[in-house]
Amino acid sequence: MRITSRLVVPFIQIYGIYVVLHGHLSPGGSFSGGAIFGASLVLVALSFNLETGAKQISHQTASLLESGGVLGFVITGLVAIALGGNYLSNRAAGFPAGQAGELFSAGAILIITVFVGIKVASTIVTLFYNIIEGEK
Amino acid sequence: MEMLSGIIDNYYYMVAIILFVIGMYTMLTHANMIKKVIAMNIMDTSVFLMFVAIGYTHGAQAPIIKEGADTIYANPLPGALILTGIVVAVSVTAYALSLIVKIYRYYGTCDYDEICEIRSQE
Amino acid sequence: MGLADHFPALIIVVMFISAFLSPLLYRWAEKVSSYFVTASLLTAFVFSVALLVQVQQSGPVLYYMGGWPPPWGIELRADPLRVYILIVVISVSLWIFLYALRDLKHELKKTVIGWYYSLYSILVGSMAGIALTNDLFNLFVLMEICAISACAIISIKEDRECLEASFKYLILSAMGTGCFLLGVAMLYMATGYLNYSFIQVELAEAIIHYPLNIFTAAALFIAAFGTKAALFPLHVWLPDAHASAPTPSSAMLSGLVIKIYAFALFLMFYQVFPKTMLDTIPLNEIILWMAALGTMFGSIYAMIQTDLKKMLAYSSIGQISYIFMGIGFHHDLALVGGFYHIMVHAVTKALLFMTAGVIIYSTGVRKISDLAGIGRVLPLAMLAFTIGSASMIGIPGTGGLISKWYLALSALEIGRPFFVLVILASSLLNAIYYMPIVINAFMHQEDFQHDVRTVPLFMQVSLLVGMVFIIISGFFSRPVVSLLEQAASLLF
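Protein chains in written order, with our numbering: chain A, 5 to 140; chain B, 2 to 123; chain C, 466 to 957.
Simulated from the structure, these hints should not be mistaken for lab results.
Positions of the beta carbon are idealized from the N, C-alpha and C atoms, including for glycine.
Mixed in with the good hints there might be a few duds.
Claimed, not checked - If you want a taste of the chain B side facing chain A, the calculated C-beta under 8 Å gives, among others:
#1 Ala61
#2 Ala63
#3 Leu84
#4 Val88
#5 Ser99
#6 Val102
Unchecked claim - With a straight-line cut-off of 35 Å between C-alpha atoms, the simulated DSBU-like cross-links for lysine-lysine are:
#7 C:Lys633 / C:Lys575
#8 B:Lys36 / C:Lys775
#9 A:Lys59 / C:Lys775
#10 B:Lys103 / C:Lys740
#11 B:Lys103 / C:Lys570
#12 C:Lys496 / B:Lys103
#13 C:Lys622 / B:Lys103
Construct the complete structure from the given sequences, taking the supplied hints into account.
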């Protein structure tokens, strides 16, 4: 079990990052990709003991990432106001939008997706740790 | 006869409504708290099934633009609604389960009727 | 000015920024976090007053999120009624927060106060969003945020009663949400739009082809919002939840959260469903009769309570039924009465809960029978309780009379004097359980039995502000009433 999880976790993380980054090109996006990434960290904590899991991502880092993720989302919307459009505008505010179908098209969506993916992953890890550590 | 053919044509909607009623009934009457949370999930999932059944177009592709082909695309709106709904349901489930863990530590039982008995005697 | 165009979105955004910065600030720089949340509430208040000025000058303001016009995008709409509710929500939240700054250190553990500020900001932001949004799915998401944060500010106290009460509230609220989502699915099936204005235009024709869908949606909405706003038979979660929560949470929940759902039901009936529907099918009769029963039963249950906060919670059921009566009469004066009561009852019930909190803070007493003679020891708190009770009963000179006056006037105008009797009888029942506390507090022979701590300045100032506002709203009600009359006349 431990050897399998140690082998598989990097692939799960890469798959999670792939789903997050290709949110505008294929099904998936921020929530599912973030959940996959978070699930990989929970898998480490479940198959080894909790200290190894806690070394991957500490409490302070998780709480910082959570707040930072949402603040990044909100500030992207405010940047759209500063650039001239309404709140959370995309092409109307001048975010760089390339050709449809490439990775770096649809400017603001990619930035928002990455922030929300980080937040969802850290939320899942935090929820897991709070429930488990609360029992002790 | 018309009603029977109406039911058979729209069986997705029928199943969604039946699941909704099962979920609501279980949530309100069964005593075990974890069963209530599961029933809430069933209820929310049935509404998502209803959304999917509404948005179905026969023979349509997933709503992502591919080069060249000029096919019919399915409606992307129900998909976005369901994704948001799933996130909301997961959050409520996570919060409810953590409340159940804490209640279990205080009262020693997962049975809601027993908890009401204990509360009424205090 | 460039920023003034974005006020509808900025009000919500400011609250969410403060919600997510305050845990970080509380961990590293404690004092700054409370100043920061107060500053963001003040900013939101200033923006909403500026929005009111804008709406008065140039009519309803429509704001497209992301620059996408509806039906592709989410729309925020600010018309006079919505901005009125927005100002009520933000100003009462600011007032309760100033009280909470001192009270929370006494009621909660030290490590969770940062999270309390965060939940409070999320709650205020989501209520502001419910008041402003013009899109059904945005309403669903904001309703869920409001429900989870409302349950969380009850259960953050973590003792036996509030956990069970919070779980009951969560389950019933989730049932309401399921019904609401099914109603949205029905409406989407019939029209294909999610924007209020577009649905209203489409439903005017679609109601002939799909009547059963639309009535099912209306019935599901009544069930959903009735559960969340504690309409009479669906009120069972309210007493435990509001009585066992920390005092600022009780004030916030009883004062604002249940009313924003009544307002959302009003928006459904008058801005989503077509205007002719309520004339032909009298759905508001159901709400009217349930509300009439609620005023009676709320008071009857409150009379037999022994715990102070539980009595106030049962009294909330009776008072929210007045607001539902205002929606149920289907007449413009009734809407004026109901909406005025939203403002008056928010301030009054928050004042009463704050008084109960002051009493618990300084003496630790919660039972009503132990309150004998407390008026001589805590005069300011009991004066606040007296003025609050007077407003609940409807004594002339306080704001409570104005709303009951308009409700009774509209009951006479639509030719149903029975409801005037209902309003009078419920006022009498209110007097039966509020007056003994006041009389006992001031004129009891024996002195007060327990020890008394001094009340901090912040709490005293909060009580004073509340009292002054109730008396002003009783005498100088003309500006608000004329705004409400103008807005209500557009709907009929």
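Each hint tested on the structure:
{"no.": "1", "hint": "Ala61", "verdict": "violated (14 Å)"}
{"no.": "2", "hint": "Ala63", "verdict": "holds (7 Å)"}
{"no.": "3", "hint": "Leu84", "verdict": "holds (6 Å)"}
{"no.": "4", "hint": "Val88", "verdict": "holds (5 Å)"}
{"no.": "5", "hint": "Ser99", "verdict": "holds (6 Å)"}
{"no.": "6", "hint": "Val102", "verdict": "holds (6 Å)"}
{"no.": "7", "hint": "C:Lys633 / C:Lys575", "verdict": "holds (26 Å)"}
{"no.": "8", "hint": "B:Lys36 / C:Lys775", "verdict": "holds (29 Å)"}
{"no.": "9", "hint": "A:Lys59 / C:Lys775", "verdict": "violated (47 Å)"}
{"no.": "10", "hint": "B:Lys103 / C:Lys740", "verdict": "violated (48 Å)"}
{"no.": "11", "hint": "B:Lys103 / C:Lys570", "verdict": "holds (22 Å)"}
{"no.": "12", "hint": "C:Lys496 / B:Lys103", "verdict": "holds (30 Å)"}
{"no.": "13", "hint": "C:Lys622 / B:Lys103", "verdict": "holds (12 Å)"}
Going through the hint list in order, the structure does not satisfy hints 1, 9 and 10.
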